[in-house]
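S.K.: Construct all of the structure, not just a fragment, from the sequences and the given hints.
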Amino acid sequence: MESHRGKAWRFEDHVDTDQIIPAERLVAENLSKMNEFVFEKVRPGMAQKINKGDIILAGKNFGCGSSREHAPRSLIQAGVSCIIAESFARIFFRNSLNVGLLLVECKVDASEGDDIEVIPKAGKVINHSTGEEFNFPQYPEFVSELVAAGGLMSLIKEGRF
Amino acid sequence: MSKGKTIAEKILSDKSGVDAYAGQIVNAQVDYVMVNDVTGPIAFREFEELGMEPVRERMVLIPDHYVPNKDVASAEQAKEMREFARRWGIDNYFEVGRSGVCHQLMVDEGFAAPGRLIVGADSHTCTYGGLGAFSTGVGSTEAAAVFATGRLWFKVPESIKVNIKGSFRPGVGGKDLIIRIITDIGVDGATYKAFEFSGDISAVPVSDRLTIANMAIEAGGKAGIFPCDEMTEEYIKETVRGEWTSYEADPDAVYSAELEYDLSELEPMVAYPHLPENGRPVSEADVKIDQAWLGSCTNGRIEDLRIAAEVIKGRKVHPDVRFIVVPASPRVFNQAMAEGLLAIFMDAGAYVSGPTCGACLGGHMGILAAGERCVASTNRNFIGRMGHKDSEVYLAGPGVVAASAVAGKIVNPEKLEEVF
Ligand code: SF4
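Protein chains in written order, with this note's numbering: chain A, 16 to 176; chain B, 424 to 843.
Rather than coming from a laboratory, the hints here were simulated on the basis of the structure.
Quick caveat: nothing in here was measured; it's all calculated off a predicted structure.
Any given hint might turn out to be false.
[Stated by the list, open to error] Under the rule of at most 27 Å between Cα atoms (straight-line distance), these lysine-lysine pairs were calculated in the DSS-like manner:
#1 Lys56/A with Lys493/B
#2 Lys75/A with Lys172/A
#3 Lys48/A with Lys812/B
#4 Lys75/A with Lys578/B
#5 Lys56/A with Lys812/B
#6 Lys812/B with Lys75/A
#7 Lys578/B with Lys139/A
#8 Lys711/B with Lys56/A
#9 Lys172/A with Lys812/B
#10 Lys75/A with Lys584/B
[As the list claims (entries may be wrong)] Label pairs and their in silico Cβ distance ranges:
#11 Gly68/A with Tyr774/B: 44 to 50 Å
#12 Glu657/B with Ile91/A: 45 to 51 Å
#13 Glu666/B with Val158/A: 41 to 47 Å
[As the list claims (entries may be wrong)] Covered by chain A, per the in silico footprint, the following chain B stretches (three or more residues, Cβ under 8 Å):
#14 488–498
#15 559–565
#16 582–594
Glycine included, every Cβ here is placed at the ideal spot set by N, Cα and C.
M.R.: What follows is the structure, given as structure tokens:
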């Protein structure tokens, strides 16, 4: 079964999109190197230390603020495989579905640096550092289809939207 | 017999042709889709990959964030939008000089109107709820999908009913009400939901309704909707394009929560860094400022400029403060010039600029250095929002911004009478 495993980066509630990628980086010439700027104002140096597959763990309302799709795109470029948060802001949630960033709504006990595995189909998060497991519900049917298809553009290309 | 519906349920039902209620996912016809210079380029690239014809007349392209071009990178970006508009024959492209803050332009140019379903690749697209539209922010890819199909999927939101009674005391307005609401329910208090305002809405001027709807997103809201009334009709009558429909909620509509606000109990509010939910009455504020900034899609309208001009008329900007005034659109700018407001600001020692988002999002023309504090009529005070990560943004209404520019610290305009 498909799974994502990586090191945890811990954040609190209300991580906004200005923190994820600041407005001054939002110019078209940066679109292919947005990974360099993730969290640069609040966690300088983090962008360079993210390893492919790493997982962000956060509290409530992750991704609040602007509609910039640069936010989920920059996290994917940086190598983040999944974000686990207690809740997500609405536009960030929709954007992530379309660009292929996995979001898991779940409350997980973990510390920065813990070894985390997410198994989407099983609805399970495993903290290998503590041995604890956590469960999360599946997306509604339409949303699951959207994710499985690879986002809205793929549905349109296939003539399904 | 079918159940009663909220305004959001009615608009999304009519636009999708489905008898829809909160929680359902519908595929709806969009009246207008807007992108700006920051979100446009991703949408253009996604759209062009599809190889489909665009829904030209329903697309609106507005450069506002980094124009007039602030540097070479933003010049290239603005060019991308201009060339896309030419390539595809998009008439609703607004060049610098005819452009302004996208949400104000959507109102001024008559795209926003009651009963319409409008999406924009900008989170404050919810602004047009002030006129009775269902409008909401989406991402660039979703905007591209609408360019190609004219449609988008929506989860019909539950609505929070906000009952309004009483009337604002002098010096208190829509900004103070919305900061109060966000402070009460939190920045995620309305996530996935729509606000629906009801009660004595005639006590709320349309300009203030736009301010309130604008900040629905700061509570996580999908929309913030006022029913359309005579005041709305009066407000849009000279500018609106095409037909529009007025909706009101059914008496037996179902709400997820109900709030009530007596406007006469409100005082001017200030939202402290770094979240809009950190609101406090201005009477409790004791904050020295380096900059005061008046403008944006929240409070950059003529009504806001009038309030600020009234406060600052015959006074001077504090020697330690830069006061920056940015009318939100050419229409607002012209009107302010005709009414002599710009001269009042300049006589006081303010800097007046042409319409742009500018420093609202930390773009240009008023960026803050480390340690600097700004009181702004904008909608977000996140870390680093207007510049350096160690700068601070305090959100307030236009009267408080102007009074603070004079006092050099955040004050209630009433207090100005005593000291200056
Ligand atoms: S004025 Fe500010 S909040 Fe409004 S659209 Fe421009 S950047 Fe966004």
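S.K.: It remains to establish, for every hint, whether it holds in the given structure.
M.R.: Hint check results:
no.	hint	in the structure
1	Lys56/A with Lys493/B	21 Å, holds
2	Lys75/A with Lys172/A	34 Å, violated
3	Lys48/A with Lys812/B	21 Å, holds
4	Lys75/A with Lys578/B	20 Å, holds
5	Lys56/A with Lys812/B	6 Å, holds
6	Lys812/B with Lys75/A	22 Å, holds
7	Lys578/B with Lys139/A	26 Å, holds
8	Lys711/B with Lys56/A	24 Å, holds
9	Lys172/A with Lys812/B	42 Å, violated
10	Lys75/A with Lys584/B	23 Å, holds
11	Gly68/A with Tyr774/B: 44 to 50 Å	49 Å, holds
12	Glu657/B with Ile91/A: 45 to 51 Å	48 Å, holds
13	Glu666/B with Val158/A: 41 to 47 Å	34 Å, violated
14	488–498	holds (count 4)
15	559–565	holds (count 6)
16	582–594	violated (count 0)
Comparing the model with each numbered hint stated earlier shows that hints 2, 9, 13, 16 do not hold.
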